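Generate the whole structure from the sequences, applying the supplied hints.
Under our numbering, think of the first position of the sequence shown as 3, with each following residue one higher.
By construction, these hints were calculated from the structure, which means they are not laboratory data.
Since we're looking at a predicted model, the values are computed, not measured.
Note that CB positions come from ideal geometry on N, CA and C, so glycine has one too.
Treat the hints with care, as some may be off.
Estimated spans, in silico, between C-beta atoms of each pair [stated by the list, open to error]:
#: 1; residue 1: Asp378; residue 2: Gly318; range: 19 to 27 angstroms
#: 2; residue 1: Ala121; residue 2: Tyr382; range: 14 to 22 angstroms
#: 3; residue 1: Leu387; residue 2: Pro301; range: 13 to 21 angstroms
#: 4; residue 1: Thr46; residue 2: Asp102; range: 12 to 20 angstroms
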Amino acid sequence: MNRVPGPAPSPRHGTALTPRDATMYWLSARTPNDLFLLYAFADTGRSTAELRAALANRVADIPDLLVRVLDTPANIAYPIWATCEFIDEQFAEHELPVADWSHLTAALGTLLATGLDAAHRPWRLHVFRDIQGAPTFAPEEPALIAVLQISHALADGRRAAALARALFTPSPSQPVTAENSRSLPNLLDRIGPTGWPHTARAITEFPIAMARTIIRGFSAYRAEQRLAELTAAGVIPPPPTGASPNLLNGNGSAPETHTARMIVRPAQELRIPGHTVTVVAATAISLALQRYLATHGDPAETLLAQIPMSVAADSGPRNSYRDLSTDLSIREPNLVRRATLIAADLAARRQRALHPLQEARSGATEALPAPILHRDVSTYPIDVLPERVSGHTVISSVHRGPTDLTFADGRSHFTAGFPATGSVMRLTHGLHTLGPNLTLSLHADPAAIPDLETYADLLDAALTEVIEALAE
3 MNRVPGPAPS PRHGTALTPR DATMYWLSAR TPNDLFLLYA FADTGRSTAE
53 LRAALANRVA DIPDLLVRVL DTPANIAYPI WATCEFIDEQ FAEHELPVAD
103 WSHLTAALGT LLATGLDAAH RPWRLHVFRD IQGAPTFAPE EPALIAVLQI
153 SHALADGRRA AALARALFTP SPSQPVTAEN SRSLPNLLDR IGPTGWPHTA
203 RAITEFPIAM ARTIIRGFSA YRAEQRLAEL TAAGVIPPPP TGASPNLLNG
253 NGSAPETHTA RMIVRPAQEL RIPGHTVTVV AATAISLALQ RYLATHGDPA
303 ETLLAQIPMS VAADSGPRNS YRDLSTDLSI REPNLVRRAT LIAADLAARR
353 QRALHPLQEA RSGATEALPA PILHRDVSTY PIDVLPERVS GHTVISSVHR
403 GPTDLTFADG RSHFTAGFPA TGSVMRLTHG LHTLGPNLTL SLHADPAAIP
453 DLETYADLLD AALTEVIEAL AE
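Printed below as a string of structure tokens:
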């Protein structure tokens with residue numbers, strides 16, 4: 003399970019987005035890829051104005067949340083980060099027909115279909131008040147559900163969790179009132195846009211960038227050859243071969259609607275000696291998917307999961323992770339041996355992904371001039387289902403720290419997250435812990451998974467079965 007990192011370097015005004023982060027930004031224009039981080043707090047009955055003021059006070063101390071993306075003319079250069087102020091529309095309070103857990107999860111499905119324009123503001127906080135029947139809450143105890151929607155250009159899962167922790171860490175310096183909210187001045191209005199100098203520099207440096215791309219492309223070719231040699235010699239594990247798609251991958255068209263479910267459990271249940279929380283959950287997911295597909299007339303011979311692995315450093319892209327295509331080993335009926343096989347394959351995928359030659363392979367993309375990468379992102383056929391897929395589902399796992407967060411003096415209970423679905427991945431899993439509670443979150447395209455509640459029940463039962471088998 004990936005852990006929340008420490009404070010990350012903030013995007014400075016005028017700093018260009020890295021190619022990886024720019025890719026996420028440009029891709030968001032074609033398909034929603036925002037992150038959604040849900041936090042459940044005790045509802046203390048604060049007014050809407052007080053909640054907005056509490057948010058504004060915290061944001062004023064978090065530079066990462068006071069930036070937006072500034073495009074450059076004709077995308078001749080990479081977009082840049084520009085300082086901005088917090089605005090009221092970044093706080094959105096939603097009213098439900100009935101303020102209970104089932105209506106909240108239905109509203110989440112609608113929310114997951116939306117996307118932010120990071121050129122306007124790259125994040126927004128959605129609030130649902132007085133929710134009854136939330137997991138871990140006592141009967142008649144109301145919950146305040148806060149959902150932080152954040153552009154993938156600004157953060158990956160771990161960095162987004164760090165931003166949420168900064169946002170919901172109590173600030174001793176400011177009481178919560180509707181009158182004392184703070185915000186920074188809008189530096190864009192004061193100093194004017196800085197895109198033109200950045201663009202002019204990119205134009206003059208274009209031949210150099212092309213030469214750098216060619217050089218790095220040659221280095222990538224040599225790295226590819228060396229990786230093949232080391233693989234043939236058995237020094238590093240072979241690359242994943244992929245698998246045939248199944249109903250979890252849909253038909254290639256983009257999802258139009260979304261559904262969500264959450265399973266909240268004591269985290270200690272999945273902390274079994276000799277097994278990571280991620281492997282325990284992956285084993286349960288393998289069993290639940292196997293049963294779900296069998297009952298829907300599409301039994302699988304192989305199931306693969308894409309499991310993001312953080313490779314975050316002190317500097318570099320805001321999105322620092324690699325997707326590991328992991329075999330869920332469904333051909334092994336014994337759950338203990340299946341968990342061992344999943345752990346071994348995940349370790350092999352991690353070993354290959356972390357090999358230094360992999361950096362050389364990706365170096366050519368990192369050197370691409372902005373117009374070329376923008377063209378590639380804009381024209382890549384994202385709505386075509388390939389003959390072989392690297393995953394049938396996603397399992398994104400992040401430990402979000404202790405349960406010491408508050409919002410308007412309401413203490414936190416649990417957290418959840420919903421990895422994006424797309425034209426290939428129609429069912430994703432988020433695995434997130436906060437203090438003593440763990441949430442397995444499900445995000446699905448109902449066109450491919452019309453009965454997510456049925457799958458959630460299968461997964462809940464599979465969790466119990468796997469926990470009991472591994473604990474023996």
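Hints versus structure:
Taken as a hint, the range 19 to 27 angstroms holds for the pair aspartate 378 and glycine 318, whose Cβ atoms sit roughly 21 angstroms apart. Checked against the hint of 14 to 22 angstroms, the C-beta distance between alanine 121 and tyrosine 382 comes to roughly 21 angstroms, which is consistent with it. Take leucine 387 and proline 301: their Cβ atoms lie about 19 angstroms apart, and the range 13 to 21 angstroms holds. Take threonine 46 and aspartate 102: their Cβ atoms lie about 19 angstroms apart, and the range 12 to 20 angstroms holds.
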